[in-house]
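Novice: Please arrange chain B on chain A, whose structure you already have, making use of the hints.
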Amino acid sequence: MQVDPEVNRAKYDREISLLVEQQTTLESRLIFMLSSTAYPHIDLLFVPRHPVQIPGLTTQVGSIILAQPTVTFTDLPMFAGRAFKARFDLTDYDLRAPSLEFRDAWTDAELQYPTMFRARQFEGPGRAPDVLLADHPTTHKPFLCLRGIREYHEHPQHSGDEWLLYRETLNLFSIVMSLWRVSVDLVHPQLNFQMNRMQVQWAAEEKL
Amino acid sequence: MAEGEHKITLVFIINGENFSVETNINAPLTAAVQRALSESGNSGRPLNEWEVRNSAGALLDVTRTVKELGLTNGARLFLSLRVGAGG
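Quick note, the sequences are listed as chains A and B, same order.
Everything in the first sequence is counted per the working numbering, starting at 510 for the first residue and increasing by one.
Everything in the second sequence is counted per the working numbering, starting at 48 for the first residue and increasing by one.
Note that these hints are calculated values from the structure, not bench results.
Treat the hints with care, as some may be off.
[Claimed, not checked] Which residues of chain A face chain B? A few of them, derived with a C-beta cut under 8 Å, are: (1) Arg656; (2) Gly657; (3) Arg676; (4) Thr678; (5) Leu679; (6) Ser687; (7) Arg690; (8) Asp694; (9) Trp711; (10) Glu715.
[Claimed, not checked] Which residues of chain B face chain A? A few of them, derived with a C-beta cut under 7 Å, are: (11) Asn62; (12) Ile72; (13) Ala74; (14) Asn89; (15) Arg92; (16) Pro93; (17) Leu94; (18) Gly104; (19) Ser127; (20) Val130; (21) Gly131.
[Claimed, not checked] Derived Cβ-Cβ restraints for the label pairs, each shown as a range: (22) Pro665/A <-> Pro93/B: 44 to 52 Å; (23) Leu700/A <-> Ala103/B: 38 to 46 Å; (24) Ala105/B <-> Asp584/A: 49 to 57 Å; (25) Thr77/B <-> Gly635/A: 22 to 30 Å.
Note that beta-carbon positions come from the ideal geometry of N, C-alpha and C, so glycine has one too.
Extracted from the complex, chain A is given alone in its bound form:
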């Protein structure tokens, strides 16, 4: 451990306090701090927001152009993605950014990328890159590739984008809100039926 344990504990407690102060805000987004939270970890439950969507074809008829079928998506309100647990590790915080791993809300098992939700950062029309990636070169676990997350700042490809550049302007509350936005608020799970299989894709849409 690089940070004095007393200092680290004080900073951990401070982050907990801020989350508690904003409990109403978090709960309005169905983000809940779990009782498994214990130093140096903070466990939060994230509940999906948007129902699964299924595709359907509609026909638009124009006066000159022949009818062109287009794909539209309809909500299946009885189905949604699964809730998940986000475990933040504040060891060495805030010399190092919080580490984040994803766990099953029921069993506490680490989530496996092929069957996980997806997270996307909306950047503009037609541009919403995946920010939940499969295999971190050091941890070999799925990781969230956003500033404020240890796995981002300590990824070899981001060596110039140090956490210390952001630690004065990012804290756990803002990081939690970012995680919620890219993994719950802006993404819609959609079923895509193909010849002999079904795929789940995650569409991202900014709220304006």
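Specialist: Using the frame of chain A, we list chain B on its own:
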């Protein structure tokens, strides 16, 4: 309209802390954002690195006036650093 009717208070939540800023409804939201960042000690990064969302999570255009955005007295706005896409 009386002068006081032009002014409302917006509550900016920055990193989990509340900062109340009084602003003229005819001023662009940028002005209130800059004051909120200054009061919260977050003046070190350019304004375009921050984004403002309302309570519903909708992204706000800070170049528009408070009145145009339909913001009312006591509106809670979330001011956060853009965290970008690492990829």
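Novice: Please go over all the hints and tell whether each is borne out by the structure.
Specialist: To see whether the hints hold, each was checked on the structure:
1. Arg656: It holds, given that the least Cβ distance between Arg656/A and chain B is near 4 Å, below 8 Å.
2. Gly657: Holds, because the Cβ-Cβ distance from Gly657/A to chain B comes to roughly 6 Å (cut-off 8 Å).
3. Arg676: Violated - the Cβ of Arg676/A stays beyond 8 Å from chain B, reaching only about 11 Å at its closest.
4. Thr678: holds (5 Å)
5. Leu679: holds (6 Å)
6. Ser687: holds (5 Å)
7. Arg690: At about 7 Å, which falls below the 8 Å cut-off, the nearest Cβ of chain B leaves the hint on Arg690/A intact, so it holds.
8. Asp694: With a closest approach of 5 Å, the Asp694/A hint holds.
9. Trp711: Constraint on Trp711/A not satisfied, violated at 14 Å.
10. Glu715: Holds. Min distance 6 Å.
11. Asn62: This interface hint holds because 5 Å falls under the 7 Å limit.
12. Ile72: With Cβ-Cβ at 21 Å, over 7 Å, it is violated.
13. Ala74: Where the cut-off is 7 Å and the nearest Cβ of chain A is about 21 Å from Ala74/B, the hint is violated.
14. Asn89: holds (6 Å)
15. Arg92: Holds, about 6 Å.
16. Pro93: Violated - the Cβ of Pro93/B stays beyond 7 Å from chain A, reaching only about 11 Å at its closest.
17. Leu94: violated (12 Å)
18. Gly104: holds (5 Å)
19. Ser127: Hint holds; Ser127/B Cβ to chain A Cβ min 5 Å, cut 7 Å.
20. Val130: holds (4 Å)
21. Gly131: holds (6 Å)
22. Pro665/A <-> Pro93/B: 44 to 52 Å: violated (27 Å)
23. Leu700/A <-> Ala103/B: 38 to 46 Å: violated (26 Å)
24. Ala105/B <-> Asp584/A: 49 to 57 Å: Once the Cβ atoms are compared, 19 Å apart, the range 49 to 57 Å for Asp584/A and Ala105/B is violated.
25. Thr77/B <-> Gly635/A: 22 to 30 Å: 28 Å Cβ-Cβ, so the 22 to 30 Å window holds.
In this structure, the hints that do not hold are numbers 3, 9, 12, 13, 16, 17, 22, 23, 24, in rising order.
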